[in-house]
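Respectively, the protein sequence lines represent chains H and P.
Using this note's numbering, the first residue of the first sequence is number 1, and each one after it goes up by one.
Using this note's numbering, the first residue of the second sequence is number 1001, and each one after it goes up by one.
Watch out, some of these pointers could steer you wrong.
To be verified - Computed list of lysine to aspartate or glutamate pairs in EDC-like fashion (alpha-carbon distance at most 20 Å, straight line):
#, chain 1, residue 1, chain 2, residue 2
1, P, Lys1352, H, Asp242
2, H, Lys30, P, Glu1211
3, H, Lys30, P, Glu1275
4, P, Lys1352, H, Glu266
5, H, Lys78, P, Glu1275
6, H, Lys209, H, Asp242
Hints are computed from structural coordinates only; laboratory data are not their basis.
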Amino acid sequence: MRIIEKNTLNDTQGMRLTRMRFEAPAIARKALPGQFILLMVHEKGERIPLTIVETDAAAGTLTLIFQEVGHTTKLLGKKNVGDSLYSLVGPLGHPSEIPRNERVILVGGGVGIAEILPVARAVKAAGNHVVSVLGARTKDLLLLTREVGETSDRLLICTDDGSAGEKGLVTDVLKKLLAEPEPTHRIFCVGPVPMMRAVSETTRPSGIKTIVCLNTIMMDGTGMCGGCRLIEGGKARFCCVDGPDFDGHAVDFADLVQRQRRFREEEMKSLDHACRLEGTAAP
Amino acid sequence: MSTPSRPRPEPGRIHKISMDERKTSFTEVSRGFPPEEAVKEAARCLQCKNAPCSKGCPAGIDVREFVRFIREQNFQSSIDKIRESNSLPGVCGRVCPQEEQCQKACVFNAKKIPIQIGYLERFVADWELAHGKRQPARSAAPKEKVAVIGAGPAGLTCAADLVREGFDVHLFEALHVAGGVLMYGIPEFRLPKDIVKKEADYIGSMGVKIETDAVVGRTYTIDELRRDGYKAFFIGVGAGLPILLNIPGENANGVYSANEFLTRVNLMKGYRFPEYDTPVRVGKRVGVLGGGNVALDCARSALRLGAESVTLLYRRTRDEMPARQEEIENTEEEGIHLQFLVTPREILSDDKGNVRGLRLLKNVLGEPDASGRRSPVPQPGTDFELPLDTVIVAVGTAVNPLLLSTMEGLERTKKGYIKVGEDMRTSLPDVFAGGDIVSGSATVILAIQQARTAARAITHYLRNGK
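Put together the whole structure using the sequences plus the hints.
Following this line, the structure appears as structure tokens:
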């Protein structure tokens, strides 16, 4: 679990996106698109899930992309090539179900674009017609557009401020795509929860299968604690072992949003504590 | 053995830390025996010829002998004697229900002053950690490769027994540390994590290769391990999956499964947040649903995290509680309120989705159920509300399918646990199992007993091919 490569994809507007490649041969050998790992940066750290973006089984490496937003992702961002993590475990969760002979629309928002990439590659490799819709607030926050473009039959980009691609939300683009005469069979959507919710609402009237990839608060990642539970189709489901892909039309998003805020106060305390240790101002 | 006629010495005394400290810290409650008290206690033993105590031990420890060595102040021989039969003495000395086992069989039990065997075991185990000689790593060329899956009490025990037989033992653990439920489940104040770590390290020093962060079923499958040359498998992955209540409001913020709550507190050391990064929040008023040891562990942990009031809510009465008597006493001493004969109906939350209370029904006891205990019968129209900030659900666990669903041909019981025959053999010839994945939620010592049986069966299987 040594870091062998690190680069910054974006560092604007206080949002740093970092890519890291790790030595993890056992995980690299097994991981399939849609699966994730759990990591601990240090011995006193928390366990957080991150989607596996890329693997190289021959080299025994895996790549993660993360936004430095919380205490643990900020700690991770401070690690450099040659450093090791305290813990890295996986691959966890079910791989995404990859269809055949379908028209598939992939919707990625923000850092979710990184998470849609492995699915895009698998969906394309399986012979589907792939249309990718990538969105961000502004041009500088877009990432991996070339990589996603290479594995898509069509690539559509949108930004809230119109600085790249179409001005508007991914749902605006999606509505136009759905109005096209070719039928769409399936939608994969990864991004901020409000975006996944909006996409699911957009496709609900047509009933097109809409898969959302969720990332709830986890600990063990093996189904033991149930902390990651969410409601799908009126039933409690564990994101770590039942997911991370769920039916966007059946997920209770209001519940999901509320549970993501479970430790909001403590998260602030944790950031504050780290800042005081470093002698810098709290964010 | 006749009752002694001459006056016997008083039992050795156990000291507990002060009540103030108990309510505010995770320091181990019982200090155990100092050496002079341990020797005094061992001197009370009559060394009965038939040693009923040893027969009362599921792990088959030669209790009489190890107690005799303590009396002779030969602590090294005492711990060596225990280690012949038990690789987790520091754990068992603390968490075994001795009152149901060795101490129940003691002749002094008739007078309610049995030899305190558990505390004596703990004493020599702790003595060993401080002073004893370490096990030298095995030097002879190892025999066949064996995979032990799950580094809880069953896995650690099985691995230790197999490495002693000369096998090349690999122990796979899904979490980042070995210990299983001893690490994530049982709290620091009953079983210090340092003790568990040292017991696991000791087993590592015997030659067992412990691989953490390895989820068998995900990182590796049994079939892949077979191809990698493993000749036999022991599955000791625990029961694992938390049972939820399936009542309205259960997803509210402030509802934890016992597993989540205890894992945050114990494994991730949430009680030391923000020094440790994993948070745990309890608020002022905590309700714990359940009546077993796990429920008590949750209640006592919540108290130590600063809750002003903690209420244990159990559907039957004190007589039916599955928890150990000693722990029920400790719980009440600490000021935790026990409320019996209630059934939770709904978890109530505020407009932000945070728990604000529980709606419950009162029960009466009806006819005995399958467990032989009188069953709780909720009484319609007896609804009442209890204001709470946190609800912890400690009503048991079910089978975690993560590994088992990847194993073709492995027979399971109706409830989904692994079906075992004689000697903990499963329906697959090279696979053996033990602990909670076989028995459901049971005790550490039962897991150890099954693991020892399995280790013998694995040894036989690898020597004889059956």
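**Asked** When the hints from earlier in the document are held up against this structure, which numbers fail?
**Response** 1 and 3
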